[in-house]
Amino acid sequence: PGGLGGILKILHEAGINVEYMYAFVQRSGDNAIIIFRFDELDKAIPVLTGAGVRVLKGEEVYAL
749 PGGLGGILKI LHEAGINVEY MYAFVQRSGD NAIIIFRFDE LDKAIPVLTG
799 AGVRVLKGEE VYAL
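Position in the sequence shown (from 1) plus 748 gives the number in my numbering.
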């Protein structure tokens, strides 16, 4: 379980499929970054943010 399990549960309950994902850990801190590709991006973002998941914009990811 953990953070990924919680996110996948949220997506499953909303009927959103993950096409693929990449995960990595930031150099400092205990946070992981997970990059997803969804079948319904326009649906996935509000579902995740509504559940309290922080969603980064592309510019934020590239700046890491």
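There's no promise every hint is true.
To be verified - No farther apart than 25 Å at their CA atoms in a straight line, the calculated lysine-lysine pairs in the DSS-like style are these:
#1 K757 <-> K805
#2 K791 <-> K805
#3 K757 <-> K791
As the list claims (entries may be wrong) - Label-pair distances were calculated between CB atoms; the ranges are:
#4 Y768 <-> K805: 14 to 22 Å
#5 E761 <-> Y810: 29 to 37 Å
#6 Y810 <-> G763: 28 to 36 Å
#7 V773 <-> V803: 16 to 24 Å
#8 G798 <-> L752: 28 to 36 Å
#9 G754 <-> K791: 16 to 24 Å
#10 E761 <-> E807: 23 to 31 Å
No wet-lab data here; the hints were simulated from the structure.
Even for Gly, the Cβ is constructed at its ideal location relative to N, Cα and C.
Here's how the hints hold up against the structure:
1. K757 <-> K805: 22 Å, holds
2. K791 <-> K805: 16 Å, holds
3. K757 <-> K791: Distance ~15 Å between K757 and K791 Cα, so the pair holds.
4. Y768 <-> K805: 14 to 22 Å: At 19 Å between Cβs, range holds.
5. E761 <-> Y810: 29 to 37 Å: 30 Å, holds
6. Y810 <-> G763: 28 to 36 Å: Cβ of Y810 to Cβ of G763: about 30 Å, so the range 28 to 36 Å holds.
7. V773 <-> V803: 16 to 24 Å: 18 Å, holds
8. G798 <-> L752: 28 to 36 Å: 18 Å, violated
9. G754 <-> K791: 16 to 24 Å: 18 Å, holds
10. E761 <-> E807: 23 to 31 Å: The hinted range 23 to 31 Å holds for E761 and E807, with Cβ atoms some 30 Å apart.
Checked against the numbered hints above, the structure breaks only hint 8 and satisfies the rest.
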